[in-house]
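Visitor: Using the hints provided, position chain R relative to the given structure of chain U.
If you're matching them up, the sequences are chains U and R in order. Counting along the first sequence from 1, when you hit position 44 you're at 45 in the numbering used here, and nothing is skipped either side. Counting along the second sequence from 1, when you hit position 230 you're at 261 in the numbering used here, and nothing is skipped either side.
If you are wondering where the hints come from, they were derived from the structure by calculation, not from laboratory data. Incorrect hints may appear among the rest.
Claimed, not checked - For each label pair, taking beta carbons as the anchor points, the in silico distance ranges come out as:
| id | chain 1 | residue 1 | chain 2 | residue 2 | range |
| --- | --- | --- | --- | --- | --- |
| 1 | U | A305 | R | H235 | 32 to 42 Å |
| 2 | U | A126 | R | G175 | 41 to 51 Å |
| 3 | R | L169 | U | R40 | 39 to 49 Å |
| 4 | R | R69 | U | L289 | 29 to 39 Å |
| 5 | R | H235 | U | S72 | 40 to 50 Å |
| 6 | U | R295 | R | R190 | 30 to 40 Å |
| 7 | R | E116 | U | A300 | 25 to 35 Å |
| 8 | U | A126 | R | R190 | 35 to 45 Å |
| 9 | R | A231 | U | R147 | 45 to 55 Å |
| 10 | R | M302 | U | G67 | 25 to 35 Å |
Stated by the list, open to error - Residues from chain R that face chain U, not an exhaustive set, calculated with beta carbons under 10 Å:
| id | residue |
| --- | --- |
| 11 | V43 |
| 12 | L45 |
| 13 | G127 |
| 14 | M130 |
| 15 | K211 |
| 16 | T214 |
| 17 | A265 |
| 18 | P332 |
C-beta: ideal position from N, C-alpha, C; glycine also.
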Amino acid sequence: MMEGLPFAAMGHNTAMVLAGTTALGIAAGTVGCFMVLRRRALVSDALSHATLPGIVIAFLVGLALGVEGRSLPLLLLGAAISGALAVAAIQAITRWTRLPEDAAIGAVLSCFFGIGVVLLSVVQALPAANAAGLKGFIFGQTAAMRSGEAATLAVLALAALAGVALFFKELRLLAFDEGFARAAGWPTGRFDLGLMALVTLVTVAGLQTVGLVLIIALLITPAAAARFWTDRLGIMLLVAGLIGGLSGGIGALLSARFQNLPAGAIIVLVAACFFMASLFFAPARGLLARTLRRARLRASLGAAR
Amino acid sequence: MILPDTQTFLSVDLPAMLAALFACLSCALVGNFLVLRRQSLMGDAISHAVLPGIVAGFLVAGTRDTLPMLTGALVAAVSAGLLIELVRRLGKVEAGAAMGVVFTSLFALGVILIEQGPARQVDLDADCVLYGQLEGILWFGPAGWSSLLDPGTWASLPRQVVQLATVFAFCLAIVLIFLKELTLVSFDPALADTLGLRSALVQHGIVALAALCAIAAFEAVGSILVIAMLICPAATARLLCDRMPAQIALSLLAGAITAIGGYMLGAFGPMLVGFDHSVGAAGSIATLSGLILALAILFAPRYGVLARRRLARATAPALA
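Same shape as in the complex, but just chain R:
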């Protein structure tokens, strides 16, 4: 078994881990409200629908620079949200079907754009949207552990990590400022409306935040991981507690554990079993998030399957 030396760890694994961590934290944070509002699949729809925007951004700018692609993704995400709303309203189509129609059409458009000349030549493919390029984030700043104490080293953090950290800070600020409103709308939109709080507006805001997280994260970790992270940590927390602050804290904890643990599992796990290739970190993080959720489903103290069964057995004689 070969563990990476310090330098490799610091310049390859550490930045990737940080990027995964911030991506997971921001998605887990926003995911709480999506899960409570039953909008979980908006994340799925948006992260598929950004594909044509990314390719169009590339085709227009003609380079693999990030800015045009991110702009394209943003435009695509906003249009996807608007189109879904439009199809729902104008056609009176059920939400799930509306999402299905819109995001698959946009994804198909993206696949076709990819096959056109210029995009083909630089080998831009849909894989980068699905899996991201976590392993491609390199940090040449640090030289040895002690250099991490030097603030100058941190100034050279890779752009992706800074971007994800900024988005996380932004989401955290928004959630903390509007916690009361978000909580109210999540649990009782009708009451929110009667109190004069426009619940529809808040819900659009939640979807917009989710889109922001998805766009910031897809480049580094891919859309599959974004979907997993928007839903699994929040769902895990939902099974473990009833109060909003606890829910948010637990989901962030679950997100952090999944990000770090999943990365380690992907990067070093295969070597432990004597397989000398690392597996895709995005995939292993998504898998781990599912495992943690499965554990919560089975063993959660009050809402887990086993606890409910025990409770049912305990109350059965009393009812008989």
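For reference, chain U alone in the conformation it holds in the complex:
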């Protein structure tokens, strides 16, 4: 399958998957901006790892209720609940104990994932359960995605985008000056909850495609790359959405064309390339631009003297 696939000949399924990953990339890039600006990028790390026990429990619940096979909405609901619990645990630990946030993140991440691994080994030992699909959530399984599922995920991603558009003002306040917002009487706690809900939505939407380890990258990398391009939030959101969407689209295309490139991983690597390019060549805070600016300043200082 080395010859190129023209768009017209691309199957309906591939087109849907492409649309789904692109939507996911746009949503993750946009929502991720707020996490990066709030210096809480790695909370999404904990959140995504913590979805594992929820997925497995939801699977067990589905089994007990007699739902046939695995029902995606049920699994995603479980993922969202345990992810939200993990975020709540991190916030409780940082607020009420002397432990720093990074220790809280790491502890919650590893323990939730540990519980997930234990439950997973229980499920795999159950004779009745066909748990083959569950592992796909760890590393992603775009290839096995059906077009209906891709559409569901695209809708979830669009919902997250709509959330950002709706609460743009509040999120901006939270990202730049939480102390001021609280002093001015805004319910920052509730804003934060809203942001975490959006991140959970994106994470859950991305589990199926890129897997729970690599969805972190889609939330962090485009946003961190976009930070090099501008100092204005609106533009940063656009750039991050663009980089995320391009990574999702290009990654899905590459993975459809070459059969031994798993989509999740290649999407992340494309995003990493965008990050590198931004680090060096972005006009606002890129390395090259900053070096040139410094050289020009030095030259002008020399001329003035």
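Guide: Only chain R this time, still in chain U's reference frame:
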């Protein structure tokens, strides 16, 4: 309920337990400094980032031998540390975001390498990095309890156990020799700098030790357990005491209890409730470490949530 007979215990459970014990001890020891220096997530980043190194080591050597894979892991861990530092410095990117970008990219690279031809054929997968193969460590030396007294039996200890014990001994030696410096840098890097002690250098050393522990341990216990062990015992100890020697001793104790207790729970617990499969020991150890931490968070004598609440209630009338 079926308990294993003596021979099975000695050649399957005992070596696995020893490996888990030494892995947990060395991670808990180094974890103290990571938690104090707010570098906890370096362990997370490094243990994800070793994946491409392991696969590349395998692809280059063409065998499942351990040495090339460990070398690859070491190279990957060092490059991950350098890349994170580079992205932070050159791009002025916040530490968390820099870690997130670097370790996910390296992990993605690893996932792609795994899918390429040769690695696929021998069924090398990312699972072994996440969960390790504690159950795969076998010790054929001992025959009955009495043989444990014979030093000759111990010479045939599985390589993984020896490796982990060596790393623990090395970390312990380093920590004991540099305890004063490490303590100073952990609590007050600025003072350390003014006293002429290069705190940045010490911090790099701490991260390097953590990387060493992570690499030595991932093969046996997997990266998830490494992250749990780098953070949970040290965090538990942090809630229970204020002095460095006590902190180190408590974290080692917590690490040891978690390793042995978690293994027992994973291997024999399910049978107690009538489920005739053992669950993954790495997962159960990580879970137990979280439980112990949760207990400490709630019930620690001075810094626990309940104790603080009681204190607040006791002082409230005086303040009113």
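Visitor: Could you run down the list of hints and mark each one as holding or not?
Guide: Verification of the supplied hints:
1. U:A305 / R:H235: 32 to 42 Å: 41 Å, holds
2. U:A126 / R:G175: 41 to 51 Å: 31 Å, violated
3. R:L169 / U:R40: 39 to 49 Å: 47 Å, holds
4. R:R69 / U:L289: 29 to 39 Å: 32 Å, holds
5. R:H235 / U:S72: 40 to 50 Å: 49 Å, holds
6. U:R295 / R:R190: 30 to 40 Å: The hinted range 30 to 40 Å is violated for U:R295 and R:R190, with Cβ atoms some 53 Å apart.
7. R:E116 / U:A300: 25 to 35 Å: For U:A300 against R:E116, whose Cβ atoms are near 30 Å apart, the range 25 to 35 Å holds.
8. U:A126 / R:R190: 35 to 45 Å: 29 Å, violated
9. R:A231 / U:R147: 45 to 55 Å: 52 Å, holds
10. R:M302 / U:G67: 25 to 35 Å: Because 28 Å falls inside the window, the suggested range holds.
11. V43: 17 Å, violated
12. L45: This hint is violated: R:L45 lies away from chain U, its Cβ roughly 21 Å from the closest one there, beyond 10 Å.
13. G127: OK, holds: R:G127 within 10 Å of chain U, min 4 Å.
14. M130: Result: holds, 7 Å to nearest chain U Cβ.
15. K211: Hint on R:K211: violated, closest Cβ of chain U at ~23 Å, above 10 Å.
16. T214: Check failed: Cβ of R:T214 comes no nearer than 17 Å to chain U, outside 10 Å.
17. A265: Since the shortest Cβ distance to chain U is 8 Å, the answer is holds.
18. P332: Since chain U brings no Cβ nearer than about 13 Å to R:P332, farther than 10 Å, the hint is violated.
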